[in-house]
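S.K.: Given next are the chains, with one letter for each unit.
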Amino acid sequence: MAENPKDPRGLPRTHPRFSATYTPDVMAEIRRAAATGIYDIRGAGAKRKLPHFDDLLFLGASISRYPLEGYRERCVTEVVLGGRFASKPITLKTPITIAGMSFGSLSANAKEALGRGATLAGTSTTTGDGGMTEEERGHSEKLVYQYLPSRYGMNPDDLRRADAIEIVIGQGAKPGGGGMLLGQKINARVADMRCLPPGIDQRSACRHPDWTGPDDLEIKIEELREITGGEKPIYVKVGASRPYYDTALAAKSGADVVVLDGMQGGTAATQDVFIEHVGIPILAAIRPAVQALQDLGLHRTVQLVVSGGIRSGADVAKALALGADAVAIGTGALIALGDNDPRWEAEYQALGTTAGAYDDWHEGNDPAGITTQRPDLADRLDPVLGGRRLANYLAVMTLEAQTIARACGKSHLHNLEPEDLVALTIEAAAMAGVPLAGTSWVPGKSGF
Amino acid sequence: MPTFDLKHSPLRELNRTLYALRPDTNETHWTVTGPDGRHAIAAGLDAPISVEIEGNVGYYCAGMNKHASVLINGNAGVGVAENMMSGFVHVRGDASQAAGATAHGGMLVIDGNAGARCGISMKGVDILVKGSIGHMSAFMAQAGTLTVLGNAGEALGDSLYEARLYVRGSVKSLGSDCIEKEMRDEHREQLFAKLQAGGLAGEIDPSEFKRYGSARRLYHFNVDNAGAY
Numbered sequence: 087m088a089e090n091p092k093d094p095r096g097l098p099r100t101h102p103r104f105s106a107t108y109t110p111d112v113m114a115e116i117r118r119a120a121a122t123g124i125y126d127i128r129g130a131g132a133k134r135k136l137p138h139f140d141d142l143l144f145l146g147a148s149i150s151r152y153p154l155e156g157y158r159e160r161c162v163t164e165v166v167l168g169g170r171f172a173s174k175p176i177t178l179k180t181p182i183t184i185a186g187m188s189f190g191s192l193s194a195n196a197k198e199a200l201g202r203g204a205t206l207a208g209t210s211t212t213t214g215d216g217g218m219t220e221e222e223r224g225h226s227e228k229l230v231y232q233y234l235p236s237r238y239g240m241n242p243d244d245l246r247r248a249d250a251i252e253i254v255i256g257q258g259a260k261p262g263g264g265g266m267l268l269g270q271k272i273n274a275r276v277a278d279m280r281c282l283p284p285g286i287d288q289r290s291a292c293r294h295p296d297w298t299g300p301d302d303l304e305i306k307i308e309e310l311r312e313i314t315g316g317e318k319p320i321y322v323k324v325g326a327s328r329p330y331y332d333t334a335l336a337a338k339s340g341a342d343v344v345v346l347d348g349m350q351g352g353t354a355a356t357q358d359v360f361i362e363h364v365g366i367p368i369l370a371a372i373r374p375a376v377q378a379l380q381d382l383g384l385h386r387t388v389q390l391v392v393s394g395g396i397r398s399g400a401d402v403a404k405a406l407a408l409g410a411d412a413v414a415i416g417t418g419a420l421i422a423l424g425d426n427d428p429r430w431e432a433e434y435q436a437l438g439t440t441a442g443a444y445d446d447w448h449e450g451n452d453p454a455g456i457t458t459q460r461p462d463l464a465d466r467l468d469p470v471l472g473g474r475r476l477a478n479y480l481a482v483m484t485l486e487a488q489t490i491a492r493a494c495g496k497s498h499l500h501n502l503e504p505e506d507l508v509a510l511t512i513e514a515a516a517m518a519g520v521p522l523a524g525t526s527w528v529p530g531k532s533g534f
Numbered sequence: 045m046p047t048f049d050l051k052h053s054p055l056r057e058l059n060r061t062l063y064a065l066r067p068d069t070n071e072t073h074w075t076v077t078g079p080d081g082r083h084a085i086a087a088g089l090d091a092p093i094s095v096e097i098e099g100n101v102g103y104y105c106a107g108m109n110k111h112a113s114v115l116i117n118g119n120a121g122v123g124v125a126e127n128m129m130s131g132f133v134h135v136r137g138d139a140s141q142a143a144g145a146t147a148h149g150g151m152l153v154i155d156g157n158a159g160a161r162c163g164i165s166m167k168g169v170d171i172l173v174k175g176s177i178g179h180m181s182a183f184m185a186q187a188g189t190l191t192v193l194g195n196a197g198e199a200l201g202d203s204l205y206e207a208r209l210y211v212r213g214s215v216k217s218l219g220s221d222c223i224e225k226e227m228r229d230e231h232r233e234q235l236f237a238k239l240q241a242g243g244l245a246g247e248i249d250p251s252e253f254k255r256y257g258s259a260r261r262l263y264h265f266n267v268d269n270a271g272a273y
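Residue numbers (my numbering), protein chains in the order written: chain A, 87 to 534; chain B, 45 to 273.
One chain only, chain A, in its complex shape (with noise of 0.2 angstroms):
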């Protein structure tokens, strides 16, 4: 413990005392707004500490219950998702997804190495904002097209060429908002592929031009079926805040996959307020998702994606075990390619941030090269090199999930239940509907 300071006689001084209130990083944030008239703005998903999956343990078995086998006895990973509707749904071999990043966010490479990395586990890979490349194209075997609000992009053909369709309504990073993108990224086969002139700043929309609610987007749904033949699974993606709702009208308005992704779900581009303080995180979002699709008889008929956080095989497992039929990955797929590597640690100094913490994917300077259009980064990421990582880090994620299934005694990953949890904490308890741990109180459920 620090001795206390002293005063000129010798006497102890008060100790130095922060606020828990003006800390250090919120008084930097007012110096900055001061100095500089405009709010933040910044890359990735909610920074500030949430209760996550980490306020999860899964209960092994012993003797009420029987395991299986390590390396031995099969867990089955494979997921299927669009059966509803669609008449050629897509098989996974594994439940983690590759989200969505736009062409322009991310450089050519970048995608091209994700839909590499995704191909060789046997995974999709999403389009952005911004259309599909004929890199992701190509080195994707199964692709989805996200519609979005901006139609930047957008093509029919694409749409016929695309494995399944991801309309999307909002983000986790931003619920209820669209996107910016910098007129640093904006060179010119970006503003080609969105019809604006090169170097402006590229407002998203974050409503669609042409529909309004649920009963138009039953009508939108019809189009887009019509126009692909019925082939193609319809997915909805809505960032996480009504849950329960949102996830009962995307179904309702014929939806085959409902895309939910929480508050730490990162962005390319928002203001730092939006990210840290509109939507719920994910562990909030899932039981309320999963009770609509139970209500509407239509758990694991419409799948249930969820995203936001998702690190390690231990989420996989935690989110679904809460009833998700996949998850998918953005920053950590991300990181897996390279990006925040501490390798490039003297250029993040030079930007005024550090390994770890870099976050200004917008202004395009990414010293990995992956949120970036300059071609000096953007060559740093070797795609056949970053597919690889990638690959390697879904395998382990895989894993890790069937480890865990197995010792639930579990034969598949979808069989994990919420039976399988306990809470660390009385909200993560709250929020995902599972005791707390070593107790059978499950906070405003029962057992109190």
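It should be emphasised that the hints constitute simulated quantities derived from the structure, not laboratory data.
Everything numeric in this text was worked out from a predicted model, so none of it was measured.
Don't take each hint at face value.
From the structure, some residues in chain A lie toward chain B, with a derived Cβ separation under 10 angstroms [as the list claims (entries may be wrong)]: (1) I124; (2) I127; (3) M240; (4) R328; (5) Y330.
Straight line, CA to CA, 30 angstroms or less: simulated DSSO-like cross-link-like pairs of lysine-lysine [what the hints assert, rightly or not]: (6) K174/A to K338/A; (7) K225/B to K254/B; (8) K174/B to K254/B; (9) K51/B to K174/A; (10) K531/A to K135/A; (11) K51/B to K338/A; (12) K216/B to K174/B; (13) K216/B to K254/B; (14) K216/B to K174/A.
Ideal Cβ positions, reconstructed from N, Cα and C, are used throughout, including at glycine.
Given the coordinates of chain A, assemble chain B onto it according to the supplied hints.
M.R.: Showing chain B alone in chain A's frame:
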């Protein structure tokens, strides 16, 4: 000339039949009867054929059209010719909201009036409305032309990018960053060409129109413009 009656056959069958046509097909002119406001009629066409629809259509008629020519002898619901890439879509009656939304190319002609958000986020299409258009038309319009023989509602061209708006009648109000611009010879020539493409060559005097476009003040985010947002 094949005729398809939607009163007796499902829409999916019509659309599938049209999708299966090859670019060199001899069956180039189709008539659709009994549309009864169905949605997504002739959406997603991808061949140089012409389709004539006898009656009113619902949402997204001729949506995402490529190459085809679609004539609607009636009124059109929300999002007619949305995201059209090329071709020609002609509505003989009125059109609802979001006509020609996000369309990248081709031409959309509406003989009557169009509702709100006509040409929203348009990306290169040419839209010609012989009547008037509703509020928030050409919102965030990126490229192409919107020509209106009648009047425009409130907030025309809000947050406009590079699309050009030609309006002959009154404009109730202009949206953020949309201003009236000088009509120079190049604009009169462009307008004449669009009127001609819409079947109005020589019938309308381009000099009767005013041109509206982007002041380009919002192209780069600047806190001093916060009041405009």
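S.K.: Identify every previously stated hint that the structure contradicts and give their numbers, smallest first.
M.R.: 4, 5, 14
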